[in-house]
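Now for the letters of each chain:
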Amino acid sequence: MMINPVLLIAIPLGLAFIAVVFKKLQGWILAIGVAANAFLVFFVEKGETAIGGFKLPFAISLVLDDFSFIGVILVNVLTLAAVAVAFRKTEKYVPVILAGLAGLNGMVLTGDMFNLFVFMEITAISAYILSSEGRKPEQSFNYLVIGSIGSVLYLLGLILIYGQTGTLNMSLMAEKSALIGQAAMVLPLVLIFAGIAVEAKLLPMSGWVRGVLGNSNALTGVMFASVYSSAALMVFGRVFSQVLIPGTTAGVIIIVIALLTFAAGQVSAFRSKSLRQVLLYSSIAQSGLAAALFATGFVFPAVLVIINNAAGKMIMFSTAGNLEEKYGTDDYVGLGGAFVRNMPAGVAFTIAALSLTGLPLVFGFYAKLNVLAAYLNQGTFFVPAVVLAGTIIEGAYFIRILIKLWAPGKEGEWADADQSVGEKKIFNPAGTVVVILVTLLIILSGFLPDSVGKLVAPGGGLLGDEGPSISLTMEKGGDQ
Amino acid sequence: MNLNLVIIVSVAFAIAAYLVSKVNDKAGAFMTVAGSMFALVTVFLLRNSIGSEISFLYFNFNLTVTGWYFSLVMLTAYSMTAFFNPFWMKKLIYPAGYNFLYLLSMAGTLGVFFAKDFITLFVFWETVVWSSAFIIQMGKSRQAAYVYYVISAIGSMATLFAIMFAYGTTGTFVINEAFKGLAGYPGRAIVIFITFIAAGMAKIGIFPFHVWLPSAHGSAPHTFSPVLSGGLVKMGAFVALLSVTAFPAYEIFKDMASFRGIPLPIYFMMALGAISIVAGTLMAIKQEDAKKLLAYSSVANGGYILIGLLMLDQVGFAGGMMHIVNHAVASAAAFLSIAAVAYRTGTTKMSEMGGMIHRMPVTYLVYLIAIISMAGIPPMGGFVSKWLIFQGLADKGLIFLATTAFFGSIGSFLYVFRPLSAVFLGQTFTRDLEKKEVGFFMMFPMLILTLLSLLTGVFPNIFLRVVVEIQSAFGMLPVTLAENTIVTSNGFLDAFRVFIVFGFGFAIAFVLFVIRRKSRKVELMDTFTSAEFIHTRELLHYSHSFYAPFERLYEKAPDTMKLYHKAAVKINELGNMAESAFFGIRPARTVLLVMGMVLIVIIAGGVL
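Those protein sequence lines, which keep their order, are chains A and B. Count the first sequence with the working numbering and you get residues 216 to 695, in order. Count the second sequence with the working numbering and you get residues 27 to 634, in order.
Now the in silico label distances, taken between C-beta atoms and shown as ranges: (1) A:L271 <-> B:G622: 38 to 48 Å; (2) B:I41 <-> A:A393: 52 to 62 Å; (3) B:L481 <-> A:Q593: 49 to 59 Å; (4) A:A246 <-> B:I220: 52 to 62 Å; (5) A:I374 <-> B:I626: 15 to 25 Å; (6) B:I41 <-> A:P352: 46 to 56 Å; (7) A:P352 <-> B:E599: 27 to 37 Å; (8) A:L670 <-> B:F426: 53 to 63 Å; (9) B:K592 <-> A:A393: 45 to 55 Å.
Because the hints were derived from the structure by calculation, they are not lab data. Every residue, glycine too, gets a C-beta built ideally from N, C-alpha and C.
From just these sequences and the hints, can you work out the full model?
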């Protein structure tokens with residue numbers, strides 16, 4: 216029983232309006248909407264579906280291919296997880312979350328460039344409203360301004376491309392743009408990049424991240440860092456690996472900016488003293504890495520990085536948000552020993568941190584290996600060196616946090632549980648269950664990485680990447 | 027019984043130890059004893075399966091003699107130290123976590139030594155790193171765990187780079203094949219060699235990566251320091267070994283400039299080992315804390331092991347391999363005896379202790395034999411391995427390295443004697459007058475290790491026969507062993523005969539001791555003061571400021587840790603700059619940046 220992909224957008228959108236009317240049932244509506252989407256995502260019809268009765272390529276279309284399938288699973292399942300962990304915090308934002316979910320699904324599914332703009336706007340508006348939760352109007356306003364600038368630039372770039380190719384349909388544009396010379400494509404490409412870079416947290420449009428994510432709670436932090444981030448990066452991947460493949464000049468510009476984002480993010484995280492700040496800069500760094508991979512054409516490792524980041528940040532931001540709520544601070548020096556009586560949260564956070572650093576036995580290792588292999592197979596060793604240097608720094612700041620949160624005590628004395636900041640439970644039971652489930656997934660996929668690889672590879676192959684550069688379940692001998 | 031089962035059962039023991047510890051932490055600690063003894067016995071019995079291969083998920087294992095040798099050393103350290111675990115549970119913030127991580131790291135080391143391909147090696151290596159980091163943080167210093175992890179990460183990431191780079195060139199991860207194809211790429215080969223051996227150097231604690239060792243070994247929980255010093259640094263030795271055997275360094279570099287037959291990249295590493303010997307020795311002499319002193323001695327001994335292994339020749343290599351066993355046993359025994367004293371007195375600061383020989387004679391004996399071995403004095407094992415290493419260095423004419431090795435040997439006598447005199451000899455402090463010897467359960471491992479030290483010294487050929495197998499497996503000319511003697515081009519060593527001679531000497535000295543009059547025991551504060559009042563017992567202990575004149579010679583020596591601090595500060599500053607430049611809140615700056623970017627692109631794009 217295959218359903219039309221439009222339902223993934225229509226259901227949350229419809230429920231959003233119903234939630235405005237039936238305020239008392241908002242909680243139920245949210246739960247039903249999010250759960251339904253996460254469930255239905257596995258039954259959607261694959262292929263390009265035209266909307267509104269028009270014929271392709273003039274119609275707006277929704278494309279569910281192997282690549283967007285990954286994106287749509289990520290978006291819906293992660294939203295379900297985010298809502299489950301922080302259900303009580305969704306009270307005032309039910310319509311916003313549902314509308315945002317519709318927008319996100321639209322962003323990932325759409326096959327039309329202008330439709331993408333529309334859905335990006337819907338998503339952005341829901342993001343602005345969610346960011347106001349942090350009670351920092353100046354930061355939300357800043358986000359609004361940067362987001363609007365980005366949208367305008369995107370539109371400008373789109374107009375230029377439309378003028379040159381005559382179509383807004385993504386697959387058709389992919390064909391047509393290949394025929395246009397590189398010089399003519401550089402400017403529109405950069406403009407469109409600037410537009411998508413806002414949500415994807417890339418330089419120079421990432422000025423909003425510190426204010427918004429730095430004041431997020433367990434719900435909004437997870438939404439921004441996992442859900443919105445994954446969607447934005449998948450869109451980035453779609454646009455720059457399939458639709459508008461950058462030529463040499465634009466490609467170099469994008470890769471340099473992305474790597475700069477990675478490096479800047481890591482060092483900024485290193486000097487941060489606040490837990491949420493460390494996490495948001497780490498997110499920026501991971502976005503930069505994924506963008507660089509997409510721009511080089513390494514789609515498979517990029518998707519692995521996105522999945523790894525989404526899962527890890529989900530756990531970490533919800534923990535950080537809850538810690539801030541319970542103890543009033545997220546300065547991790549002041550939160551010493553918060554995990555002492557909080558084993559599940561602590562273990563989950565630890566596994567997430569290890570996965571983001573790329574340590575073995577968890578999924579992040581597989582992602583890291585593929586990133587390195589993709590470049591070193593080609594003989595490039597500058598980028599892997601940068602990535603590894605960034606990994607050392609990332610490991611350093613995560614371990615610093617972990618040590619602080621697990622082992623309170625003065626230097627020179629044994630670690631002492633009495634010195635911990637408190638024993639408040641970080642997650643409620645439902646949240647604990649969700650977080651443990653995600654942790655188990657991270658560990659399991661660390662032991663059976665090729666299963667994940669097989670799921671992701673077709674998406675990569677669609678966009679020109681031949682698939683895993685490494686196969687880990689090897690025949691006897693341990694090589695590919 | 028195959029290797030898969032050993033590792034899986036060890037991990038199962040780890041989980042079981044965690045669960046049992048939640049109910050009763052002493053019982054959980056006893057499970058660590060059971061788990062490590064199980065692993066020790068089963069791996070020992072795997073002797074007959076040497077040469078076979080086995081796989082689990084995506085891990086591939088290869089039972090080699092080398093791996094068997096290393097893992098037995100490691101498991102001895104783990105299992106003997108485990109006997110101390112039950113008595114330290116009260117001090118730990120996470121007793122259950124400690125027991126779990128203890129056995130998990132043990133299982134990890136097994137995976138490292140028996141790995142067939144580099145992915146397996148790396149996965150288990152990193153598992154050991156983070157599980158031991160989480161144990162170290164439970165001790166006296168969080169900073170130590172952090173520094174340990176960061177320096178380890180620097181090494182690991184460099185090695186990962188080397189592995190992946192080699193994979194990109196040769197297309198395989200299998201240890202014995204991955205590097206063989208590099209002969210045709212001399213430039214890459216040097217880069218890969220240097221980055222690959224980095225993890226080994228960081229783990230052994232070779233200069234300039236040695237800064238983590240003193241703080242980590244010194245501040246770790248007392249029951250984990252013996253494992254760190256006796257066991258985990260040997261993992262680094264394993265990588266160093268691979269870097270000259272799996273990576274055929276001598277062949278690949280044979281056309282390079284060389285010094286006395288040793289290619290320069292390898293000689294450079296050996297020189298770093300020599301610097302570690304000197305630095306470790308000198309720093310050890312200065313220490314006031316017994317554990318930190320022993321940690322610095324591990325730095326020095328790591329230098330010996332590295333030099334021996336990298337020589338890859340008949341005699342020096344055998345010495346290096348033998349020293350792995352000797353140092354592991356001696357170091358573990360020394361740390362355990364200090365732990366035993368700490369158990370009774372609650373401190374490891376040497377200035378606060380004295381005269382424990384009267385209260386804890388067995389512990390004293392254990393420590394004494396351990397340091398005799400570490401200093402390289404017959405009839406203990408350390409003498410044999412150092413003798414072999416010196417032979418190798420002298421034969422090759424490596425004057426600088428030989429000089430530092432001899433210096434390290436003499437210096438080691440200085441520093442190992444210090445805790446002996448400070449902690450055990452001299453007069454007992456009043457507060458310790460009622461302390462008793464430790465119980466049998468703690469004495470048992472110490473005695474076993476002492477016997478092992480003696481065994482390696484009196485019958486070294488038992489171990490050297492395995493080393494001969496290893497040497498043959500790597501295509502080297504093995505060291506020549508006769509009945510009970512080791513034959514080299516400079517002469518031969520019959521360790522048993524040496525032991526007999528020492529036995530005679532000891533007997534004569536003992537007889538003299540018994541016959542002659544005993545000295546009168548005087549209390550510490552009972553001393554001539556010319557009517558001054560004395561109240562500080564610590565200052566009156568005869569080992570106070572023991573080596574002050576010598577220490578003054580190198581008081582102003584530079585501290586490598588400062589380099590790392592400076593690097594961290596610089597990265598912090600870089601982060602500050604990045605944050606203010608790129609992640610500021612003012613939209614105006616962003617807009618200007620974007621416009622600038624667009625303008626540049628328009629102009630450049632137009633030109634191009």
